[in-house]
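Enquirer: Below are the chains, spelled out letter by letter.
2 protein chains.
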Amino acid sequence: MELFNYFRSSASYRVRIALALKGLDYDYRAVHLAKNEQFDPAYASASMSKLVPLLRDGDALVSQSMAIIEYLDETHPEPPLLPADALGRAQVRALAQDIACEIHPLNNLRVLRYLGKDLGLDEDTKNRWYRHWVEGGLEVVEQRLKAHAGQFCHGDTPGLADCVLVPQIFNAKRFDCRLDHVPEVMRVFGNCMALDAFAKTQPSACPDAE
Amino acid sequence: MELFNYFRSSASYRVRIALALKGLDYDYRAVHLAKNEQFDPAYASASMSKLVPLLRDGDALVSQSMAIIEYLDETHPEPPLLPADALGRAQVRALAQDIACEIHPLNNLRVLRYLGKDLGLDEDTKNRWYRHWVEGGLEVVEQRLKAHAGQFCHGDTPGLADCVLVPQIFNAKRFDCRLDHVPEVMRVFGNCMALDAFAKTQPSACPDAE
Numbered sequence: 001m002e003l004f005n006y007f008r009s010s011a012s013y014r015v016r017i018a019l020a021l022k023g024l025d026y027d028y029r030a031v032h033l034a035k036n037e038q039f040d041p042a043y044a045s046a047s048m049s050k051l052v053p054l055l056r057d058g059d060a061l062v063s064q065s066m067a068i069i070e071y072l073d074e075t076h077p078e079p080p081l082l083p084a085d086a087l088g089r090a091q092v093r094a095l096a097q098d099i100a101c102e103i104h105p106l107n108n109l110r111v112l113r114y115l116g117k118d119l120g121l122d123e124d125t126k127n128r129w130y131r132h133w134v135e136g137g138l139e140v141v142e143q144r145l146k147a148h149a150g151q152f153c154h155g156d157t158p159g160l161a162d163c164v165l166v167p168q169i170f171n172a173k174r175f176d177c178r179l180d181h182v183p184e185v186m187r188v189f190g191n192c193m194a195l196d197a198f199a200k201t202q203p204s205a206c207p208d209a210e
Numbered sequence: 001m002e003l004f005n006y007f008r009s010s011a012s013y014r015v016r017i018a019l020a021l022k023g024l025d026y027d028y029r030a031v032h033l034a035k036n037e038q039f040d041p042a043y044a045s046a047s048m049s050k051l052v053p054l055l056r057d058g059d060a061l062v063s064q065s066m067a068i069i070e071y072l073d074e075t076h077p078e079p080p081l082l083p084a085d086a087l088g089r090a091q092v093r094a095l096a097q098d099i100a101c102e103i104h105p106l107n108n109l110r111v112l113r114y115l116g117k118d119l120g121l122d123e124d125t126k127n128r129w130y131r132h133w134v135e136g137g138l139e140v141v142e143q144r145l146k147a148h149a150g151q152f153c154h155g156d157t158p159g160l161a162d163c164v165l166v167p168q169i170f171n172a173k174r175f176d177c178r179l180d181h182v183p184e185v186m187r188v189f190g191n192c193m194a195l196d197a198f199a200k201t202q203p204s205a206c207p208d209a210e
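For the protein sequence lines, the chains are A and B, in the order given. The first sequence begins at 1 in the UniProt record's numbering and counts up one residue at a time. The second sequence begins at 1 in the UniProt record's numbering and counts up one residue at a time.
Hints may contain errors.
Intra- or inter-copy, both count: the list cannot distinguish identical chains.
Said to hold, decoys possible - Restricting the straight-line Cα-Cα distance to at most 20 Å, the calculated cross-link-like pairs of lysine to aspartate or glutamate (EDC-like) are:
1) K117 <-> D180
2) K50 <-> E139
3) K117 <-> D25
4) K50 <-> E2
5) K173 <-> D27
6) K126 <-> D59
I should point out that these hints are in silico values taken from the structure, not numbers from a laboratory. Just so it is clear, the structure is predicted and the values come from calculations on it, not from any experiment.
Construct the complete structure from the given sequences, taking the supplied hints into account.
Expert: Structure representation (structure tokens):
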């Protein structure tokens, strides 16, 4: 398998964690977003969206980080990244989507570029925007973890929701977001980071890290 | 089952379509977002996110529209809303996420409110923002449909991706977005709207429609 990704992309980091939890080998293909390599014709054509990550598995191309992780979970079932019961699966997917649909989309590179270049907002206003969605969004995650978490987001083994949560915390730290209001989030984050699958795939450990 | 939702919420409409495709009965519970009913303490506490939709199934509460639809697909498997093969499932999920993670989050009510109230942007600038993400995002969907679509987003039966696509087109029309650049999208949209499951659950057909 090949993973087209970028060290600083949190959606990419989600998939790196999942691959590591599964113990799967892959070739790391760097796509430097800040240098606009996602617009190179070959990558743009393969990805269609000009976004990372993109997984190549034989002839198959799979995009969108949560879809990639579910694909890996279906094609390499052990260890499972989703619970066995329908309600548990729904809770884990909903938690992942609370981050991937409510927090992250507002704060990725192309949105920050639009806020700056097209809307002319200054750095302070952009940072306020960023923190607003992260800090408020994590309050929702905090409530869900208080209701359902074990050692990890759901029970005592890491799964899909942890793959999505941890990269969001890296982003939050990078933009100096408040995190003292979400102790459950930070407890789970700490438990995750004690595992190699999370620690050894973090942005600073990537081959393309700067 | 009870569905807490709002006629104009496109995430709510996704779930109404899925319930209709499955032929499932439910009690329609209106949560009027424009009147801020999502902040009522009972609803805020049940949903945690103060967002719609929210499905109550017996004692279980499930949030996040895509998680709800997968939950319905697992608990009521016929007719299936996802293909049987892992790659097909990944393509359908990725297409749904191209809309639910890349287009819709930038344009929902709370984001438009922030752009207006907190950033002080005028209506024209807000509409330009809205159209930018919808029109560009649908170009990606168009390419994916050219590669994979049948009569519907994936093959010749409607599924998860169609549940997510159709409400996005309703939003696009409401905000006068360009749609002539995405003929495949509009072909699939037309095929969907010919079915009762899509037509009879549309915003204007809801009990709380204005």
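Enquirer: Next step is simple, just say for each hint if it's right about the structure.
Expert: The hints, checked one at a time:
Neither within a single protomer nor between protomers do K117 and D180 lie at most 20 Å apart by alpha-carbon distance, with minima of 32 Å and 27 Å respectively. In this homomeric assembly, K50 and E139 come within 20 Å of each other (Cα to Cα) only across copies, at 11 Å, whereas the closest approach inside a single copy is 31 Å. With identical chains, the CA atoms of K117 and D25 are never at most 20 Å apart, being 39 Å at best within one copy and 48 Å at best between copies. In this assembly of identical chains, K50 and E2 lie within 20 Å of each other by CA distance solely inside one copy; the values are 16 Å within and 39 Å between copies.
Taking the closest pair of Cα atoms, K173 and D27 never come within 20 Å of each other, the shortest separation being 28 Å inside a single copy and 43 Å across copies. For the homomeric pair K126 and D59, neither the shortest alpha-carbon distance inside one copy (40 Å) nor that between copies (41 Å) is at most 20 Å.
In terms of the numbered hints stated before, the structure departs from hints 1, 3, 5, 6, listed from lowest to highest.
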